[in-house]
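Student: Chains as they are written, first to last, in my numbering: chain A, 1 to 251; chain B, 1 to 333.
The set of hints was computed from the structure by calculation and includes no laboratory data.
These numbers were taken from a predicted model, which means no experiment stands behind them.
Any given hint might turn out to be false.
Once the Cα atoms are required to be at most 30 Å apart in a straight line, the calculated DSS-like pairs of lysine-lysine come out as [said to hold, decoys possible]:
#1 K170(A) to K210(A)
#2 K170(A) to K128(A)
#3 K228(B) to K289(B)
#4 K45(B) to K240(B)
#5 K322(B) to K210(A)
#6 K240(B) to K193(B)
#7 K296(B) to K286(B)
#8 K186(A) to K170(A)
#9 K169(B) to K119(B)
#10 K169(B) to K247(B)
#11 K119(B) to K210(A)
#12 K199(A) to K322(B)
#13 K131(A) to K169(B)
#14 K128(A) to K169(B)
#15 K247(B) to K117(B)
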Amino acid sequence: MANEALVTQLIRLADDHLILGHRLSEWCGHAPMLEEDLAMPNIALDLLGQARALYTYAGAVENKGRDEDAIAYNRIEREYTNLLLCERANGDFAHTMLRQLFFSLFMHNFWQAALSSSDETVAAIAGKAVKESDYHVRHTAQWVIRLGDGTEESAERTAQALRQLTPYLKELFEADDIALLCTDEKWLPNPAVLEAAWKDEVTQIFNQAKLLLPDYELGQSGGRQGRHTESMGYLLTELQFMQRSYPNMQW
Amino acid sequence: MYSQGLNDKNLETAETPEFLAAFQARIDADEKIEPNDPMPEAYRKTLIRQIGQHAHSEIVGMLPEANWITRAPTLRRKTALLAKVQDEGGHGLYLYSAAETLGVSREQMTEELLSGKAKYSSIFNYPTVSWADMGAIGWLVDGAAIMNQVPLCRCSYGPYARAMIRVCKEESFHQRQGYELMISLCMGAPAQKDMAQDALNRWWWPSLMMFGPPDGDSLHSDQSAAWKIKRFTNDELRQKFIDATVKQAEHLGLTVPDPDLVWNEAKNNGNGGYDFGEIDWNDFWKVVKGHGPMNKDRIAARTRAWEEGAWVREAALAYAEKQKHHTAQQAQG
Numbered sequence: 001m002a003n004e005a006l007v008t009q010l011i012r013l014a015d016d017h018l019i020l021g022h023r024l025s026e027w028c029g030h031a032p033m034l035e036e037d038l039a040m041p042n043i044a045l046d047l048l049g050q051a052r053a054l055y056t057y058a059g060a061v062e063n064k065g066r067d068e069d070a071i072a073y074n075r076i077e078r079e080y081t082n083l084l085l086c087e088r089a090n091g092d093f094a095h096t097m098l099r100q101l102f103f104s105l106f107m108h109n110f111w112q113a114a115l116s117s118s119d120e121t122v123a124a125i126a127g128k129a130v131k132e133s134d135y136h137v138r139h140t141a142q143w144v145i146r147l148g149d150g151t152e153e154s155a156e157r158t159a160q161a162l163r164q165l166t167p168y169l170k171e172l173f174e175a176d177d178i179a180l181l182c183t184d185e186k187w188l189p190n191p192a193v194l195e196a197a198w199k200d201e202v203t204q205i206f207n208q209a210k211l212l213l214p215d216y217e218l219g220q221s222g223g224r225q226g227r228h229t230e231s232m233g234y235l236l237t238e239l240q241f242m243q244r245s246y247p248n249m250q251w
Numbered sequence: 001m002y003s004q005g006l007n008d009k010n011l012e013t014a015e016t017p018e019f020l021a022a023f024q025a026r027i028d029a030d031e032k033i034e035p036n037d038p039m040p041e042a043y044r045k046t047l048i049r050q051i052g053q054h055a056h057s058e059i060v061g062m063l064p065e066a067n068w069i070t071r072a073p074t075l076r077r078k079t080a081l082l083a084k085v086q087d088e089g090g091h092g093l094y095l096y097s098a099a100e101t102l103g104v105s106r107e108q109m110t111e112e113l114l115s116g117k118a119k120y121s122s123i124f125n126y127p128t129v130s131w132a133d134m135g136a137i138g139w140l141v142d143g144a145a146i147m148n149q150v151p152l153c154r155c156s157y158g159p160y161a162r163a164m165i166r167v168c169k170e171e172s173f174h175q176r177q178g179y180e181l182m183i184s185l186c187m188g189a190p191a192q193k194d195m196a197q198d199a200l201n202r203w204w205w206p207s208l209m210m211f212g213p214p215d216g217d218s219l220h221s222d223q224s225a226a227w228k229i230k231r232f233t234n235d236e237l238r239q240k241f242i243d244a245t246v247k248q249a250e251h252l253g254l255t256v257p258d259p260d261l262v263w264n265e266a267k268n269n270g271n272g273g274y275d276f277g278e279i280d281w282n283d284f285w286k287v288v289k290g291h292g293p294m295n296k297d298r299i300a301a302r303t304r305a306w307e308e309g310a311w312v313r314e315a316a317l318a319y320a321e322k323q324k325h326h327t328a329q330q331a332q333g
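For reference, chain B alone in the conformation it holds in the complex (with noise of 0.2 Å):
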């Protein structure tokens, strides 16, 4: 019900050398492709995938933070979460709007969520469990999305590179609101800097994962990097945003929570970066795979939303129909 009619087009294509070739060159000679250009069916499959995935991120990503708009401690930061999560439900709908020029509908993405085979960004299987959650999703979780992100605007798909310049202009005032957030609790009272700290503790990691698997275990890395669609590597992302988020905990005056954590002048060219320790990839292997705290609970929430809000769908379609027929009965009268 919401495909653009896009689908109904040829978009076979003979995928001779010649074709390929000629694709490659136009991506070389940084052409945006448009939604009816002549594209490869793996360059629009891996579209799909990956504009799906970040569309259900959005999606699923209201969750966690909608779990605290009740309880937001005074009416400035209720409103100010309130628009923030109705920011990422329209970040959302553009990006399914542009996954839809690629010939699927919302509703087969959906149903590919709610079954499990579209996967989200593993970050929103865990749970926020305190008020300070909503600073360091803002900090840690936007800030490491738009690390992702912003070198999107340049992919060579145009609807989504479109797309991903709102979307990143939105989500940087979304990492600077959940900075100052934190900024508050830090200079509050003893126990709201715990709270502060605790949450640090607790997103570290999962933010670092969201840059996903180490260079050499990423599945779809080389082809993409030369389809233009990802145009830097996970790690090289990962290093950028621990550089610069590191510096903003000590302001906090928060510790990141990794003893192995240390400056090494040497990296980047002798331009200087942090060394890390560790991260835990069967924990990040385990959540992806779906058994993360919350994974259960986030696509069970969705689906409730889904189903519960068919016979919605359902009228709204029904009474449609039933102006349409009215207008064309008025109309031979």
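Next up, chain A with everything else stripped away, as it sits in the complex (with noise of 0.2 Å):
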């Protein structure tokens, strides 16, 4: 029982990785600038990483001879049970950084929570993902910073980006009974205990961005039970196009 908990809750945050690397991978060769053309896709590249580790690791703890792929790539829509707000659309760049500057802030702390879990593969995962969500949490930082405080149109990107990513900031720190029993087993961290720390964080890099969090209160929520937004059937299509068109084969 208490097995099963972790296996859902690992799987959560591996989706979470997994689709938010998807979006990011999208814009690959499509970027504002060739730096960030290299930035993105090491962005995505560290989240796919970790979605690895955490597949890989729900598999053995599950026992039921599922790896990484099975798990990823095997599953129908309802199934998928990342955070509505990994699976938005990319938007405009200053959407795609926001995007990525709400979530990254979140698992940094979550990570940095989880290099004391009570287990070691855990918390071995947690002692590489906090080390790259701090770079990912710089690196975004700095872009809304630039682009909040840039020029008028920059800044009304960024307003239009906070407007349309608010809804999905509420899921983030929901925690049902898996995810508390998980926490009571001090295997992962708390979500709802991390809210307090990344509204401040939020609110220091708002300030220099010259915008306002707005109350969320009134969020979406269903992505943690698999009820998702219109877009992730998409996104499953491509991710997925391979085993449909060829199902059961080695790559």
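Join these two chains into a complex; the hints should help.
Tutor: Next up, the structure:
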């Protein structure tokens, strides 16, 4: 029972990283400048690496013979349990950077707390991920500040991105019974506990970016139960294209 | 905005016969020419054209492979492909930087690419229509690129030669990665092997065209050879590529789509080599002149990225200006 909760929670986290990494990788070759054509795939590669470690470990704990690819690719939409924030379409560069900042700030605190997990594998994954997410926060915070306090157009686009992303913030901090069971066992941090620090950090960055964090209490949720936004089906159509066209092959 | 200030220097040189002879003597002595050294204007222009074209090829070359990142069939393959495309962006960056040492800005070079004035390798004007194309590009396209580029590590212009050392190391890794992908397809189900054969059929001839027109028709070869920018002719490199690659295709159990391909003991001074069929140079020139299957799409994608990114680049500059102003005010206060 407890192990099942751990598997569920590991897959939720892995899905966040896979799906957001997928979105970020859509920019590859199309970024506003060459430096960002290197930086965004770099972040996407880190997210993908974290997803792989989490899927692999979930498969091992589950012990039913599923490897990283079986979990990552062979499910229907209702079985993907990522945060809705992670699946939102890229929009413009301001939207992509702000989405990443919100997620990476959350994950940076999450991994920091997970360093003292009672589960050695989780602690080891956190050890690597905390350094990576620290870079993701620095990179995206710099961009949000530059864009928020850049030109009139960039400020307007950043404000618009904030309006579009606000409904997806509340879900970051939701903790259901499964999450709480993992917290009780000291396997994984409680997302709800991370909210105050996240808000403080966002506010500090937003002060420099000339933005105000709106109230997000009326936000959307459902990702953790596999209830997605309309864009998710299209994302999975691409992600699973080869598995659907050529089932059960080795690549 | 990307130039490095070298443009300000007075780069005019009086190209007297003595100056040109002295320059050629440095080249003949295998000395490296460095950014601040005097050099004939034609040497500078040739290098700007060639390095720029090379940088553009890396950047445009990201597109056909990026086309499969979101559809890669395993997480391991996805990671490798994403990292590979990122490496290509990195090659573009060092090459633009190498070209900038000759007094041209990245912005200028980008504008020339988008206007069609500057060229890039025609191979990227073919579409990637199956997963096997990711293997075929690594194996054949990167394989051909290596044949072309390894000699450039000894090119007379220092910054280009040094950039090429790193580029070639990474390309060689990509080539092996592509070949490994082909092996996995050829050892797989019949549908996978068919996919691999189809990819070889489509990429073989365009890969041979990557070495450029036959030696007799090549515009820039003689002078570039004298300046040690180009060390082997197009036909020599093409032959070397075919001789190495046919054996690799045999190992995969695939058929090279050339009925005239036959081993000829007498070739390569008696060391043997393959005779091969006629390359369709009309097709080559058609693609070079902008009428390949993907020319318009590739330039449209680069133009869109450049135009839609303009507000981001402007914001970054505006923010930097504000910060500078702010720091200056603090210093006064």
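Student: Going straight from one Cα to the other, do K199(A) and K322(B) come out at no more than 30 Å?
Tutor: With Cα atoms ~27 Å apart, K199(A) and K322(B) stay inside 30 Å; holds.
Student: Does the structure keep K119(B) and K210(A) at a Cα separation of 30 Å or less?
Tutor: Violated. K119(B) to K210(A) sits at ~43 Å, over the 30 Å cutoff.
Student: Do the alpha carbons of K228(B) and K289(B) lie within 30 Å of each other, as the hint requires?
Tutor: holds, 28 Å
Student: Does K193(B) sit within 30 Å of K240(B), going by the straight-line distance between their CA atoms?
Tutor: holds, 26 Å
Student: Can you confirm whether the C-alpha distance between K170(A) and K128(A) stays at or below 30 Å?
Tutor: holds, 27 Å
Student: Starting from K296(B), check that the Cα of K286(B) is at most 30 Å away, please.
Tutor: Satisfied, since the Cα-Cα distance of roughly 13 Å is no more than 30 Å.
Student: Would the hint linking K131(A) and K169(B) be met if the CA-CA limit is 30 Å?
Tutor: Holds - the C-alpha atoms of K169(B) and K131(A) are around 28 Å apart, at most 30 Å.
Student: For the pair we were handed, K169(B) and K247(B), check the Cα-Cα distance against 30 Å.
Tutor: Since the Cα atoms of K169(B) and K247(B) sit roughly 22 Å apart, the hinted pair holds (cutoff 30 Å).
Student: With a cut-off of 30 Å on the C-alpha distance, tell me whether K169(B) and K119(B) pass.
Tutor: holds, 24 Å
Student: Take the C-alpha atoms of K186(A) and K170(A), compute the straight-line distance between them, and say whether it is at most 30 Å.
Tutor: The given pair, whose Cα atoms are some 23 Å apart, holds under the 30 Å limit.
Student: Mind checking the alpha carbons of K247(B) and K117(B) for me, to see if they're no more than 30 Å apart?
Tutor: violated, 39 Å
Student: Under the criterion that the straight-line Cα-Cα distance not exceed 30 Å, is the pair K322(B), K210(A) satisfied?
Tutor: Distance ~14 Å between K322(B) and K210(A) Cα, so the pair holds.
Comparing the model with each numbered hint stated earlier shows that hints 11, 15 do not hold.
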